[in-house]
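The listed protein sequences correspond, in order, to chains G and F.
Following the working numbering from start to finish, the first sequence increments by one per residue and tops out at 246.
Following the working numbering from start to finish, the second sequence increments by one per residue and tops out at 200.
Think of the hints as simulated: they come from the structure by calculation, not from any bench.
Check each hint, because a few of them may be wrong.
Said to hold, decoys possible - For each label pair, taking beta carbons as the anchor points, the in silico distance ranges come out as: (1) G:Gly55 - F:Arg193: 14 to 22 Å; (2) G:Gly96 - F:Asp138: 42 to 50 Å; (3) F:Thr56 - G:Gly231: 30 to 38 Å; (4) F:Pro69 - G:Asp175: 53 to 61 Å.
What the hints assert, rightly or not - Taking lysine to any residue pairs in the SDA-like style, the calculated list, with each CA pair at most 20 Å apart, reads: (5) F:Lys82 - G:Glu100; (6) F:Lys85 - G:Asp82; (7) F:Lys82 - G:Arg241; (8) F:Lys82 - G:Trp12; (9) F:Lys130 - F:Leu19; (10) F:Lys82 - G:Glu94; (11) G:Lys49 - F:Gly199; (12) F:Lys140 - F:Leu68; (13) F:Lys130 - G:Glu114; (14) G:Lys49 - F:Lys82; (15) F:Lys82 - G:Ser61; (16) G:Lys49 - F:Pro20; (17) F:Lys82 - G:Ser57; (18) F:Lys140 - F:Ala70; (19) F:Lys75 - F:Pro30; (20) F:Lys85 - G:Ser61; (21) G:Lys238 - F:Pro30; (22) G:Lys49 - G:Glu94; (23) G:Lys49 - F:Pro21; (24) G:Lys238 - F:Gly115; (25) G:Lys49 - F:Ala70; (26) F:Lys82 - G:Leu13; (27) G:Lys49 - F:Arg6; (28) G:Lys49 - F:Asp17; (29) G:Lys49 - F:Gly22; (30) F:Lys85 - F:Arg6; (31) G:Lys49 - F:Lys130; (32) F:Lys82 - G:Ala52.
Claimed, not checked - On the chain F side, residues computed to face chain G include the following (Cβ under 7 Å): (33) Ser2; (34) Val3; (35) Arg6; (36) Gly7; (37) Phe8; (38) Arg11; (39) Val31; (40) Cys79.
We put the beta carbon where it would ideally sit given N, CA and C, even for glycine.
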Amino acid sequence: MARAAVPGRLNWLVATLAESRDETATARTLVFDVPGWPGHLAGQHVDVKLTAEDGYSVQRSYSIASAPDGARLELTVQTIADGEVSPYLTEVLEPGDPLELRGPIGYWFVWRPESPAPVLLVAGGSGVVPLMAMIRARAAAGSKVPLRLIYSVRTPADAIYAPELSERAVASTLDVTYLYTRTAPPGGRTGRISADVVAAAAWTPADKPEIFICGPTGFVEAAAALLVDAGHDPSVIKTERFGPTS
Amino acid sequence: MSVISRGFSGRRRPGGDRLPPGQYLERGFPVLSAGPTPPVNTATWKFTITTEAGETARRWDWREFTALPAERITKDIHCVTKWSKFDTQWRGVSLDTLLDGVATNAGYVMARSYGGYTTNLPLADLRDGKAWVAYEYDGKPLPPEHGGPARLLVPHLYFWKSAKWVTGLDLMTHDRHGFWEELGYHDYGDPWREQRYQGD
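Using the sequences and the accompanying hints, generate a full structural model.
What follows is the structure, given as structure tokens:
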């Protein structure tokens, strides 16, 4: 296990929304300026705090979507229709609005640019967000390690970052395999993660990959079990649940 | 000094005073694990208490363990990732029963799990009816993804202290970091003092 220097106390910082953009009908990327941001590793997350005028306050965790970039930080938020925090972030928050956040948090589910191993990323739904940070960080660092992404979504319209993934797949050693669980694109087939998918799209244990899986619980449990069954060492498989957060 | 979020009113709920600061109420039971769920077979399962001198003080196999006096436990639980769940129901063996008669001067404990997970706690937090090794949840055998066949249950601390797939306790004279504690999470983890990360 990496014994990285873990910084001391995590103070709340004031982040200001610089801009935002839709990724899908329900996912929106928020770009913040965070003076004092200490930097982060791909795969880490932040705690976000909202405070109402009467002092009532709530917190949620969101994965960082962007590669390290000074005081800039991107979060991609999946809107939960009846949620308390996510609709505020995606529908109410406007450029110039401040909020409090602290981080980076999580020194386990991280990819480090100096790592020489090939990388397998397995994403279910919005679980792709911290994995996208890894894809971006690899490009930003000029790393040439080959990278494979297996990305399970309900329908093509639910795929976050699809145009960027296509561009990066052309420009670098990134392979993307989509699984469509409900509706496939014309001419395609629906399917779920399976031993056949793992055999066709993952690395073999002999390739000694680093493996990161992120998504809803059932997806993560299924994918991790399939990879262990395929002979991968459980200790190289890092998992993170990324359920929608209300 | 808090930053007021323009246009945010939030959703106050009844029972809000049962929620520690920064937590929200969850109806489901989310799963958080650092890696794959390890296969744990009750035919070979063992639970061991090791003293600070490295000697085995107690050891049970599954049959012996489940024959120990068990208690029904109903507690609120609080995960550091912000969700809390009220009135979770468990069945398991009190740590008072497991530690009964174990001679030790240790102040701390490292809980060890199948799959390699560890977490550190003060020994005092495992005594006096505050902690259990639980093997039933909601009247059924504890599912593997929730730590089955048996997990530590220390509901007054953030839930990462309630080690899944637990297989032993190492008594320690000096505190050491467990898995998440080494990675920046708090050594104690009191939800009511919001001790999420080192330095909180």
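- Query: Is Lys49 of chain G close enough to Pro20 of chain F, meaning Cα to Cα at most 20 Å?
  - Reply: holds, 15 Å
- Query: Are the Cα atoms of Lys82 of chain F and Ala52 of chain G separated by 20 Å or less?
  - Reply: holds, 18 Å
- Hint check, Arg6 of chain F versus chain G [nearest Cβ-Cβ separation less than 7 Å]: holds, 6 Å
- Item | Given hint Val31 of chain F near chain G, where the shortest CB pair must fall under 7 Å | holds, 4 Å
- Message: Hint check: Lys49 of chain G vs Gly22 of chain F, CA-CA at most 20 Å. Holds or violated?
- Response: holds, 8 Å
- Given hint Ser61 of chain G paired with Lys82 of chain F - CA-CA distance at most 20 Å: holds, 8 Å
- Query: Would the pair Lys82 of chain F and Leu13 of chain G pass a check requiring their Cα atoms to be no farther apart than 20 Å?
  - Reply: holds, 19 Å
- Keeping to a limit of 20 Å between CA atoms, is the pair of Lys49 of chain G and Lys130 of chain F held or broken? Violated, at about 31 Å.
- Within 20 Å, alpha carbon to alpha carbon, are Lys75 of chain F and Pro30 of chain F? Between Lys75 of chain F and Pro30 of chain F the Cα gap is close to 16 Å, so the pair holds against 20 Å.
- Message: Hinted pair, alpha-carbon criterion (20 Å max): Lys238 of chain G, Gly115 of chain F. Please report holds or violated.
- Response: Judged against 20 Å, a Cα distance of about 12 Å means the pair holds.
- Query: Is the straight-line distance between the alpha-carbon of Lys49 of chain G and that of Ala70 of chain F 20 Å or less?
  - Reply: violated, 41 Å
- Item | Restraint check, 7 Å cut-off on beta carbons, for Arg11 of chain F near chain G | Cβ of Arg11 of chain F sits 5 Å from chain G, so the hint holds.
In summary, the structure is inconsistent with hints 10, 13, 25, 30, 31 and 40 from the numbered list given earlier, while agreeing with the others.
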